[in-house]
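Let the sequences and hints guide you as you build the complete structure.
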Amino acid sequence: MDILRLATAGSVDDGKSTLIGRLLYDTKSVFTDQIESVERASRDRGDDYVNLALLTDGLRAEREQGITIDVAYRYFATPRRKFIVADTPGHIQYTRNMVTGASTADLALILVDARKGLLEQSRRHAFLATLLHVPHLVLCVNKMDLVDYSEAVFEQIRADFTQFAAKLDVGDLTVIPVSALVGDNIVTRSTAMSWYEGPSLLHHLENVHVASDRNLIDVRFPVQYVIRPQSDLHRDYRGYAGQVAGGILKPGDEVMVLPSGFTTTIRSIETADGPVEEAFPSMSVTIRLTDEIDVSRGDMICRVNNAPAVTQDIDAMVCWMDDAPLRPGQKLAIKHTTRSARAMVKDLHYRLDINSLHRDMAADHLGLNDIGRVRLRTTQPLLCDEYKRNRSTGGFVLIDEATNRTVGAGMVNEAR
Amino acid sequence: MSRNYQLTQLETLESEAIYIFREVAAEFERPVLLFSGGKDSIVMLRLAQKAFHPARIPFSVMHVDTGHNFPEVLEFRDRRVAEVGVQLVVASVQEALDRGFVQAPPDGTRNRIQTPVLLEALEKHQFTAVFGGARRDEDKARAKERVYSFRDEFGQWDPKNQRPELWNLYNGRIHLGESIRVFPLSNWTELDIWQYIEQERLELPSIYYAHERTVFDRNGMLYAANEYCVPKAGEETFTATVRYRTVGDASLTAAVLSDADTVAKVIDEVASTRITERGATRGDDKFSEAAMEDRKREGYF
Ligand SMILES: Nc1nc2c(ncn2[C@@H]2O[C@H](COP(=O)(O)OP(=O)(O)O)[C@@H](O)[C@H]2O)c(=O)[nH]1
Ligand SMILES: [Mg+2]
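Here the protein sequences line up with chains A and B, keeping their order. With my numbering, letter number 272 in the first sequence gets 272, and the count goes up by one each step, no holes. With my numbering, letter number 77 in the second sequence gets 77, and the count goes up by one each step, no holes.
Hint data in this document are derived by calculation from the structure and do not stem from the laboratory. Please read these numbers as outputs of a predicted model, since none were measured by experiment. For each residue, glycine too, the CB sits at the ideal point set by N, CA and C. No false leads were mixed into what you were given.
Here are some chain B residues pointing at chain A (derived, C-beta under 8 Å):
#  : residue
1  : N4
2  : Y5
3  : Q6
4  : S15
5  : Y19
6  : A25
7  : A26
8  : Q49
9  : H53
10 : W167
11 : L169
12 : R274
13 : G279
14 : E293
Here are the simulated lysine-lysine pairs, DSS-like style, with alpha carbons at most 27 Å apart:
#  : chain 1 : residue 1 : chain 2 : residue 2
15 : A       : K116      : A       : K167
16 : A       : K250      : A       : K388
17 : A       : K388      : A       : K331
18 : A       : K388      : A       : K167
19 : B       : K50       : A       : K250
20 : A       : K28       : B       : K265
Set out below in structure tokens:
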């Protein structure tokens, strides 16, 4: 059994939390005491029906306001897969929380209210999902019960979305008509929409092929921690612990350590359960090298003829997440793989209008929730790849050095 | 490990937790791991061992001891700590009561007063990062929490203002007096924990398996009759075959009827149960809809 991580996306009230509640409920993943508590809360609020959104909207403020403020993580499993679900907020002021949920997702569920069609916020979220390079998108045209299960309505929204998506970098798109409230096409195929011939949502989630999403070609091993036991038993032991970020490593492989550029070979790959013959993403292992060379946290082990860029000049898309704007000249802390440095904003190339995808070249700042292309100069070289090629070695966060808040999420554009 | 280069669910969760342990050890000067002798903390300790193997775990463990303990669990705690070779710090609620640092509420329960004792101990030992075994599947407020949960100088959690947490890039930067609670088991469910216990052949305190006990019924939950939890008039005691799904304060943790006396049987039971772990066993979360959120805001785990 493997794990699929999914995140919801879409505008407020399109039914994201209800859909997740429905998935949990119909896969019998909701416990009796949880459903009793939701029934009680629904009754207290005077709802006509059991509000399944309350299964994920767990904060007091969320229940009071009937909205999702921050990501809720929920878990369910079928005999085929374990699912980690990030139910994200739709409000524009909570975009950073949506981005948090989507950053680790294999699949994004984008909801649209069938009555309203594609709204600005649905476009925005679809764009963010593709910017974060979530490999699989599922557009759920929801509330089909409120449009008489009309095929025409569904087809119109599908056409609108496909047209918009053509401008984006969408890997894999599936479109499904659903009613989260009633449960149509969620777990089983609905009889109310005989014109729809595709799979139910759950069937799709169980079968979507994610094995090929990770990069098994470019060997990338950011050194996270150096293990040096101070004991007689392991006197000369020196192991480089970390999580494989790309490629397949084997004992005997000739490797290069960056940024020093020294080359050596892998002597062994170890875990607490013994040595392994291969390490691949996202295994946490300890690598021992044949030669005694200076390697420390933040360094990267890669292949001699396939290395990431080693650069202090970063060209990246940045999603800004703080009230105080990003401006050229600003200095920030940057965290990339296991490496931390300082960065100066050299240039704001443009700000992107997410609706039209128009580039505003005259922009002189990025405000809260804005996305723009920036150039950074870092105090130390980063060892990075294009984000599209590798999410682990292409993504970074920016931190305000005074407040310590995480203020920006960056995705490396071109790393050469 | 399969040849299609895909990790199984337990391998994925283990690798993620090991990554988190190493990240904290690399970036914080004084982390500490909360160890109660309960199943989640036992899994945590194993993961910490694996993360630094063959070196020792590079931090201490701490137990916030409410004084209301199951003797089997305390005995287990001390034995396990000795086997692993880590240093144990005990923050004692009883001792804090004796010197008047905290006052017991009228009902005698100690869950709430545990928080100031924890915060005092963190400050005294200057622990800046604290590993907790909380899982997001336990409660709706926990479902909202980050892996690195930022706490201000009062240990408070502000759920409406959490740091964005992208990919596996954790922001551990804090000012003096602030701290980070770290939850390596965030994405584990109760079932994952038990499957891992089976896979790793982890020993647990005996009370996690079915045994006979003198209990009484209070608000539909079965409590062990003992010095901390005395039946009131009308609450009749009887002998039942029970086990514990969680182990917390002995005056607040209820047992469940169960015949599961082996790991395999517990796994079957957990896979088919219709009631959440906390719903079945914790008197402390039943008081209000947002009991956990309120306690976390005050600095609880
Ligand atoms: N009729 C109908 N109502 C729905 C459907 N899905 C969600 N809703 C309602 O739409 C409202 C917003 O749902 P919610 O899940 O909170 O939306 P979110 O903001 O996207 O999480 C609630 O009143 C739901 O009951 C649906 O399929 N049909
Ligand atoms: Mg919602």
